[in-house]
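Participant: In order, the protein sequence lines correspond to chains A and B.
The first sequence begins at 38 in this note's numbering and counts up one residue at a time.
The second sequence begins at 4 in this note's numbering and counts up one residue at a time.
Derived by calculation from the structure, the hints in this document are not laboratory data.
Take these hints with a grain of salt, some might be off.
Simulated pairs of lysine-lysine, DSS-like, Cα-Cα distance not exceeding 27 Å [stated by the list, open to error]: (1) K48/B with K82/B; (2) K61/A with K82/B; (3) K102/B with K115/A.
Residue strings, one per chain:
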Amino acid sequence: DAGVIQSPRHEVTEMGQEVTLRCKPISGHNSLFWYRQTMMRGLELLIYFNNNVPIDDSGMPEDRFSAKMPNASFSTLKIQPSEPRDSAVYFCASSYGTGQETQYFGPGTRLLVL
Amino acid sequence: RKEVEQDPGPFNVPEGATVAFNCTYSNSASQSFFWYRQDCRKEPKLLMSVYSSGNEDGRFTAQLNRASQYISLLIRDSKLSDSATYLCVVLMFSGGYNKLIFGAGTRLAVHP
Numbered sequence: 038d039a040g041v042i043q044s045p046r047h048e049v050t051e052m053g054q055e056v057t058l059r060c061k062p063i064s065g066h067n068s069l070f071w072y073r074q075t076m077m078r079g080l081e082l083l084i085y086f087n088n089n090v091p092i093d094d095s096g097m098p099e100d101r102f103s104a105k106m107p108n109a110s111f112s113t114l115k116i117q118p119s120e121p122r123d124s125a126v127y128f129c130a131s132s133y134g135t136g137q138e139t140q141y142f143g144p145g146t147r148l149l150v151l
Numbered sequence: 004r005k006e007v008e009q010d011p012g013p014f015n016v017p018e019g020a021t022v023a024f025n026c027t028y029s030n031s032a033s034q035s036f037f038w039y040r041q042d043c044r045k046e047p048k049l050l051m052s053v054y055s056s057g058n059e060d061g062r063f064t065a066q067l068n069r070a071s072q073y074i075s076l077l078i079r080d081s082k083l084s085d086s087a088t089y090l091c092v093v094l095m096f097s098g099g100y101n102k103l104i105f106g107a108g109t110r111l112a113v114h115p
């Protein structure tokens, strides 16, 4: 059974470029989360979708960040324009229902903005 | 004050040792509690839930003290493979829904 799939696994880009991260949640899960992890700030929730609808985007840092979930099996997180301080590991996680006890994380995307 | 606080460590222990991690949370209305494990350069994974009566899973024991808003994880007979970061996680009602709040993690290094 496939887990949460994320792509790309690594991304190196230059400041000012657009970055798009992709996520495929576990089939049947209807909650999807985007997190960012850094040494300084730990794991931070960026946005939470339930049934493809954004429920909480209060963690999105600023207008440069946007996320979409056009259907139950795909989500994107876009950063435009990217900045060096966006360098982090971005995780996508999914869970079943609205209970958030067990979230299954994808392998993450390591982003480096030069 | 952070919502979930942990000692970052690292805890360096020899194989076979017993080690305990603590975690405190700020919201007394928090509902559920968990420990996640994160290996180096990997994603977090659920290790175990924490129940009010305390619970055990093999060498791992988790305890909750609601009065003190304190959670603990005890690892007995440490193995090299236990080396990882352990994240304390609290489920609380925030922003209109139940939300998982992750601590920054406690790093454990088990050496031969």
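Participant: All hints, please: hold or fail.
Facilitator: For each hint, the structure was consulted:
1. K48/B with K82/B: It holds: about 18 Å lies between the C-alpha atoms, which stays within 27 Å.
2. K61/A with K82/B: violated (34 Å)
3. K102/B with K115/A: holds (23 Å)
Checked against the numbered hints given earlier, this structure breaks only hint 2.
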